[in-house]
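There are 6 protein chains.
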Amino acid sequence: MARHDGRLPGEIRPVSIVTDFIRYPEGSVLISCGNTKVICNATVEEGVPSFLKGKGRGWVTAEYSMLPRATASRSPRDISKLKLNGRSAEIQRLIGRALRSVVDLDGLGERTITVDCDVIQADGGTRCASITGAFCALVLALGRLRQQGALADLPLYSYVAAISVGVIEEAPVCDLDYQEDSGAQVDFNFIMDDEGNLIELQGTGEGRPFSKRELDDMYFLAQNGIRQLIGVQRSAIGHLFR
Amino acid sequence: MARHDGRLPGEIRPVSIVTDFIRYPEGSVLISCGNTKVICNATVEEGVPSFLKGKGRGWVTAEYSMLPRATASRSPRDISKLKLNGRSAEIQRLIGRALRSVVDLDGLGERTITVDCDVIQADGGTRCASITGAFCALVLALGRLRQQGALADLPLYSYVAAISVGVIEEAPVCDLDYQEDSGAQVDFNFIMDDEGNLIELQGTGEGRPFSKRELDDMYFLAQNGIRQLIGVQRSAIGHLFR
Amino acid sequence: MARHDGRLPGEIRPVSIVTDFIRYPEGSVLISCGNTKVICNATVEEGVPSFLKGKGRGWVTAEYSMLPRATASRSPRDISKLKLNGRSAEIQRLIGRALRSVVDLDGLGERTITVDCDVIQADGGTRCASITGAFCALVLALGRLRQQGALADLPLYSYVAAISVGVIEEAPVCDLDYQEDSGAQVDFNFIMDDEGNLIELQGTGEGRPFSKRELDDMYFLAQNGIRQLIGVQRSAIGHLFR
Amino acid sequence: MARHDGRLPGEIRPVSIVTDFIRYPEGSVLISCGNTKVICNATVEEGVPSFLKGKGRGWVTAEYSMLPRATASRSPRDISKLKLNGRSAEIQRLIGRALRSVVDLDGLGERTITVDCDVIQADGGTRCASITGAFCALVLALGRLRQQGALADLPLYSYVAAISVGVIEEAPVCDLDYQEDSGAQVDFNFIMDDEGNLIELQGTGEGRPFSKRELDDMYFLAQNGIRQLIGVQRSAIGHLFR
Amino acid sequence: MARHDGRLPGEIRPVSIVTDFIRYPEGSVLISCGNTKVICNATVEEGVPSFLKGKGRGWVTAEYSMLPRATASRSPRDISKLKLNGRSAEIQRLIGRALRSVVDLDGLGERTITVDCDVIQADGGTRCASITGAFCALVLALGRLRQQGALADLPLYSYVAAISVGVIEEAPVCDLDYQEDSGAQVDFNFIMDDEGNLIELQGTGEGRPFSKRELDDMYFLAQNGIRQLIGVQRSAIGHLFR
Amino acid sequence: MARHDGRLPGEIRPVSIVTDFIRYPEGSVLISCGNTKVICNATVEEGVPSFLKGKGRGWVTAEYSMLPRATASRSPRDISKLKLNGRSAEIQRLIGRALRSVVDLDGLGERTITVDCDVIQADGGTRCASITGAFCALVLALGRLRQQGALADLPLYSYVAAISVGVIEEAPVCDLDYQEDSGAQVDFNFIMDDEGNLIELQGTGEGRPFSKRELDDMYFLAQNGIRQLIGVQRSAIGHLFR
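Protein chains in written order, with our numbering: chain A, 1 to 242; chain B, 1 to 242; chain C, 1 to 242; chain D, 1 to 242; chain E, 1 to 242; chain F, 1 to 242.
It is possible that some hints are incorrect.
Because identical chains share one entry, a pair is satisfied inside a single copy or across any pair of copies.
To be verified - List time: in silico DSBU-like cross-link candidates among lysine-lysine, alpha-carbon distance up to 35 angstroms: (1) LYS55 to LYS81; (2) LYS212 to LYS55; (3) LYS83 to LYS55.
Keep in mind the hints are simulated off the structure, nothing from the lab.
Looking at chain A on its own, in the form it has when it is part of the complex (with noise of 0.2 angstroms):
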């Protein structure tokens, strides 16, 4: 099967994270995955959510929207709907649980890390490219703490990124645009640390079931490409961890 844009079935699509994208934040990026772009900014606060008060541990958090016309037709904004969208509460709680994965929420401390994820561009891979960019954001903000004195270290455990694999015309592909994830038959998000550990993992037959064999194989092409999204992470932010 021939990709629509030439890429072999095992390559990403071309990736950029611009640090320090907007200027109030304590972390912010703007990332680029062809023409996925989303600005993801962290910001820190003392303090935490009730459920944790008084126990000395941290806690990460994610929000994320699109804008109205990031797509190829206006949606409204939720607020015009007095509702949460359904995918955005799906996906901000996967990001936040993916950063939550790799934190020291101890070493942390009792703040509140909130990453936002807000979608200006959308073709395909929005959730992918939101994890792998507000690690990245998570990243400069801890560093500020850690310039500012308020941590010894950086309380993380390990690189985060992300990246979806697909099974188009029954052959396996990785990283998978707008028009790619359309008509895909199987439907992958895969969220992996820097050893090629597992942290999430979300698959789903769009048109059919799929066997274990295929999400074997899809699990080979999602190693390979989580390797090369930490590469470009730690371009952007390797001086500061790791």
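Fit chains B, C, D, E and F to the supplied structure of chain A, relying on the hints for placement.
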């Protein structure tokens, strides 16, 4: 590792499916998986959501909610916060996808089937029990349509059931109850059909990342658990489908 | 006038009260009045709403909801409309008042008891069944507080139960089911204690005004029905109160 | 028992009904019952709610609200809490039922009349004053339809008015003001027509249960008070109806 | 250009300000500007919003709403749409700013004064009438605080009033009613103090842009109209302030 | 008075307008005014809001929002409070009016153009930057309609741009940044066309009232600033309009 209730690693909790539990829905079951109890009611309505109108295809969707006191402490109702709980939003999207994956929507015709999954008692695995029960409620509703002459055959590709698998104290076990789930290192939900194919997969390393090897081990436990669940489904609704 | 199910004018439907229906609440019953079935769960929480703080008095409140498919056709959930159903709002206020009328709030101390009444199947008389069942759930919760040593005695003045009475084809009958209720000319709810005193009264001429004479007739039917209901309550929770 | 303002037990407060109070509504009155003042505006709109469409019948409904400072302390507006006040929800349903009970909806034709009852000053009995005033606004609006030739006759069965009756220090009194209402042992609202028939009845034992004998006593006070209120209504809108 | 009601270009509509219109608020007026009628109620509460706590300063804010039938056709209440009307949001922010501009918030102390402006009849210029009336309600409330000994002096810098000015058929006129406002080419609101200084200015070219010269002309009409309005304010509350 | 960034009183901040910033909207610009950055995306949709249906006229509207971390501290998203921010509501109404003032809605035909203004970085003057940028996005969208043959000419009367002017330490200055805005005594926004005519004017005395003389001074600064802004607009979209 010994499980606190004496079960073997691959042993599921006692499951029962009571059909026609509520009188009025087109399909209704009470599913119990250990102490987890969910009422699944399927409603058939003529017509489809606006994005599907005039295509001759049907729609299947789900809603998920817990009674305030399904759990050890009381949770406020969504309406008192004016917000659909994020976890519920995520789960009901999952149930809907799982059901649609086995339904021939063209064969259903321009009808909408809504399956309401209301958890009356929660002891872990509520989303899996909801999927397993919702499938039965759906079959009952489709069976009634066939009986009324509205459908010639049940527009279904296969059975679908769901099971949780986790890693506890480094050992994989299946069908976790609440106590096990709270302490799990890795937490997975497998949704599969009656031929051992995967329909959806969701898993998170709660306390640590996990390896591909662990994923493989969990898959085999899940495959076995699903087989047992589908056996119980067949006892309940096998006279209607296959 | 012959009733469609053959009951005599003063005959109530078969009533059953299953105690400890759900495992986790401090008090839980499933009440069935004919085909109407309501789960009543009582939750005890320390503290009181802000308007009562520091007065040494407790509070008792109720919430009422129906599963979407408790009835012949499906009703959307409140959260999907972002509005508490007006009828539910009215009923839960009524249940709360009825319960508070028999509780010595000073004797309860600074605790709040919330009784959730969730109708799983509705065949008329759901508000009355909710009150009758909620009282039992409340007694179970108070009984547990006494058993734990938190209360010396149950802070209760009397039993309370509720029954509907109506005029159908010019004849008064009690405990109307949905079919009777739909065609009633006058529709009343009597809430009474175990000495035949009135606690609350609500009645409407649905199709025509009604006379004082009719009210008197309905009162006598209600008095008799309440006596029977309190008999069933006593079988269920009489070992705890009186 | 002497009433704090010197009234006899059966004596109502001074009542006035100013017609055409606001210029734009099809019917508008300001009703004052002592210090309670309510603006009642009736709006006529062509068409009916969807559940009535195509049946040739009309609809009458009501909305009830209080200005934030109608009372001694300020209450936040509903919109600032995004919730319709539970008490308001209950009252507006009551007003709507009371008005519909005297209207021949078939005679009205496919029109909707909405009566807005806005309490500008509240000294007890606001729901009763709203019903008594709303009826007059409704008659004015119907009178205008007749004058325009849209109706041949006013589609009304009778007058309707409402009065509160309570038990204070063991004695029944009628038309309670706020101070009396706060201390009442029993609190009733009677809605009646011009022949002394009952249309709706609501009563609660606030501090203690009450006997059938007390209900009978209250009924006779109510009957007398309603007669006086309907007298005032007739002075205001008697030229239009009967 | 002749005005439809015969007024001269600089002539305002008849204005009246009834003080102590509602019994319970600390300050209450009914202001009528022609057929526009607004109830302005000022409430004094101890304490300030959280962003001001502990600074020893007070706060003045306003809320604005229209009765559903203040206008020729009925508008649904905000609560039925769960959204504060955008126009109301804008107007209440304007009223709040206008009042705060003349209040010495340090002199007020840690108190909040909320002025509710409820339009009961709307014939154009409701935001201006609200400001002019709200100032009087505010003075009455401050006067009561002084009378109670809570304040030594009224913490006010000056009077404030507001007037609309517009361009109709190329001619500037002041105090537009609804009919004039609907056809205006330019529509301005001037908020000024008693020395002819400007406090806030808002103007829009409705049908066409406007020149600096037109702005100057409108300013002089406004200055004159404000002088008249402040005259009426002084008649109503001049015994309390200046 | 020396400005903190060394600008002259009438000197605007560096402005840039990047066209086609986002790929999918019919018109898209990123406008930067100093450190204030706003993405303006124009969407063309067939059809008009219901109040305009069947009149052959089009509609232009705007929405305005800020990313949570556009500012020095994080603001919660509107959806988390279920309320559209009052300030945003006011601003988006202003942008909509400004755009409509220069569009020939009859010439547009039954189409709706929605311009989303999303502030990604805020350093004062965001509403003015939004208007100036939104006009360019609108022209790009209209240009595309002309290119597609849907319009013969751009239905525009003139350019429109907006600038803030204020009084700081008694001296008028234009295009205030956040630091200046916070300390301004008077704060104005001028919206003007390319011939120096006024389209909308909004101004407040923040700390004190202001004189007509000051208004005149501010007008001349505004006129000059607008001329410069329209110059930048012409560089960006002058090939499409005039």
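Taking 35 angstroms as the upper bound on the Cα-Cα distance, should LYS212 and LYS55 be classified as within, between, both, or neither?
-> Result: close only across copies, 34 angstroms inter versus 42 angstroms intra.
Give the relationship of LYS83 and LYS55 under a CA distance limit of 35 angstroms: within one copy only, between copies only, both, or neither.
-> both (33 angstroms within a copy, 28 angstroms between copies)
Is it within, between, both, or neither for LYS55 and LYS81, if the alpha carbons may be no more than 35 angstroms apart?
-> between (37 angstroms within a copy, 26 angstroms between copies)
Comparing the model with each numbered hint stated earlier shows that all of them hold.
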